[in-house]
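With chain E's structure known, arrange chain R on it following the hints.
Those protein sequence lines, which keep their order, are chains E and R. The opening position of the first sequence corresponds to residue -14 in my numbering, with each subsequent residue numbered one higher. The opening position of the second sequence corresponds to residue 1099 in my numbering, with each subsequent residue numbered one higher.
Derived from the structure by calculation, the hints contain no laboratory data. All figures in this text were calculated on a predicted structure; none of them were measured in a lab. A virtual CB, placed ideally from N, CA and C, is assigned to each residue, including glycine. Check the hints yourself; a few may be wrong.
With a straight-line cut-off of 27 Å between C-alpha atoms, the simulated DSSO-like cross-links for lysine-lysine are [as the list claims (entries may be wrong)]: (1) R:Lys1155 / E:Lys83; (2) E:Lys22 / R:Lys1115; (3) R:Lys1155 / R:Lys1169; (4) R:Lys1115 / R:Lys1167; (5) E:Lys83 / R:Lys1163; (6) E:Lys83 / R:Lys1167; (7) E:Lys35 / E:Lys52; (8) E:Lys83 / E:Lys52; (9) E:Lys11 / R:Lys1155; (10) E:Lys35 / R:Lys1167; (11) R:Lys1115 / R:Lys1155; (12) R:Lys1163 / R:Lys1115; (13) E:Lys11 / E:Lys53.
So the derived list for chain R, only partly shown, Cβ under 7 Å to chain E, looks like this [claimed, not checked]: (14) Gly1140; (15) Leu1141; (16) Val1158; (17) Glu1195; (18) Phe1198; (19) Glu1200; (20) Gly1201.
Quick partial rundown of chain R residues pointing at chain E, CB under 10 Å, derived from the structure [as the list claims (entries may be wrong)]: (21) Tyr1133; (22) Leu1139; (23) Asp1154.
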Amino acid sequence: QQPVQSPQAVILREGEDAVINCSSSKALYSVHWYRQKHGEAPVFLMILLKGGEQKGHEKISASFNEKKQQSSLYLTASQLSYSGTYFCGTDKPSNDYKLSFGAGTTVTVRA
Amino acid sequence: EAQVTQNPRYLITVTGKKLTVTCSQNMNHEYMSWYRQDPGLGLRQIYYSMNVEVTDKGDVPEGYKVSRKEKRNFPLILESPSPNQTSLYFCASGSGELFFGEGSRLTVL
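Extracted from the complex, chain E is given alone in its bound form (with noise of 0.2 Å):
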């Protein structure tokens, strides 16, 4: 079951925060993080695993809520080439893999 992602689209100013959340109606086993660009295929940013420490990739973090079944990600003062499709994607306790994707946020930074 693909997780729950929001907002669905955000535009930015070069320089400013967004946050971008992903929830699960059921038990979560990590948070996987990927941003596309156009015409590109998606490209691995962080995974979170249950009991882990918040991760960092650049100026982009993302904490991982066990008991409320979210995680969101966090874009820092942000830069043009932040602009991209994101993804979070879930997993299951059973750690079999199965790894469901949302919808995906588009984020767009302009000058």
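Okay, now just chain R, sitting in the frame of chain E:
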């Protein structure tokens, strides 16, 4: 160079004509997976494989078949394609981090 290679990259076919999309990885990954991407629906998992001869259904397996006879290859088979299988398909492999192929855009008329 670490790569996931898909072929063909673009294909236009007609309803009912069997086709295979190949996927090959050079990273010795045990895990491989197929996704389809449609506007507004994100990436939906079709099938995945945890190792040779071990495959399982994802969220949208209907109308697709897969096989995993070798570790490096994971072909996606459409036995009788229909227009609702028109989509952008991605193959991925990994161990934690997933590496995606460049995508195969399939149109079924």
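Here is what the structure says about each hint:
1. R:Lys1155 / E:Lys83: Given pair Lys1155 (chain R), Lys83 (chain E) holds - Cα atoms ~8 Å apart, limit 27 Å.
2. E:Lys22 / R:Lys1115: violated (32 Å)
3. R:Lys1155 / R:Lys1169: Satisfied, since the Cα-Cα distance of roughly 18 Å is no more than 27 Å.
4. R:Lys1115 / R:Lys1167: holds (23 Å)
5. E:Lys83 / R:Lys1163: It holds: about 17 Å lies between the C-alpha atoms, which stays within 27 Å.
6. E:Lys83 / R:Lys1167: Roughly 20 Å separates the two Cα atoms, so the pair holds.
7. E:Lys35 / E:Lys52: With a Cα-Cα distance of about 10 Å, the restraint between Lys35 (chain E) and Lys52 (chain E) holds, given a limit of 27 Å.
8. E:Lys83 / E:Lys52: holds (21 Å)
9. E:Lys11 / R:Lys1155: It holds: about 18 Å lies between the C-alpha atoms, which stays within 27 Å.
10. E:Lys35 / R:Lys1167: The given pair, whose Cα atoms are some 33 Å apart, is violated under the 27 Å limit.
11. R:Lys1115 / R:Lys1155: holds (23 Å)
12. R:Lys1163 / R:Lys1115: holds (14 Å)
13. E:Lys11 / E:Lys53: holds (10 Å)
14. Gly1140: holds (4 Å)
15. Leu1141: holds (4 Å)
16. Val1158: violated (10 Å)
17. Glu1195: Because about 4 Å separates Glu1195 (chain R) from the closest Cβ in chain E, which is inside the 7 Å limit, the hint holds.
18. Phe1198: Hint holds; Phe1198 (chain R) Cβ to chain E Cβ min 4 Å, cut 7 Å.
19. Glu1200: Holds: closest Cβ of chain E sits about 6 Å from Glu1200 (chain R), inside 7 Å.
20. Gly1201: Since the shortest Cβ distance to chain E is 6 Å, the answer is holds.
21. Tyr1133: Constraint on Tyr1133 (chain R) satisfied, holds at 7 Å.
22. Leu1139: Nearest chain E Cβ about 6 Å off; hint holds.
23. Asp1154: Hint holds; Asp1154 (chain R) Cβ to chain E Cβ min 7 Å, cut 10 Å.
When each numbered hint is compared with the structure, violations occur for hints 2, 10 and 16.
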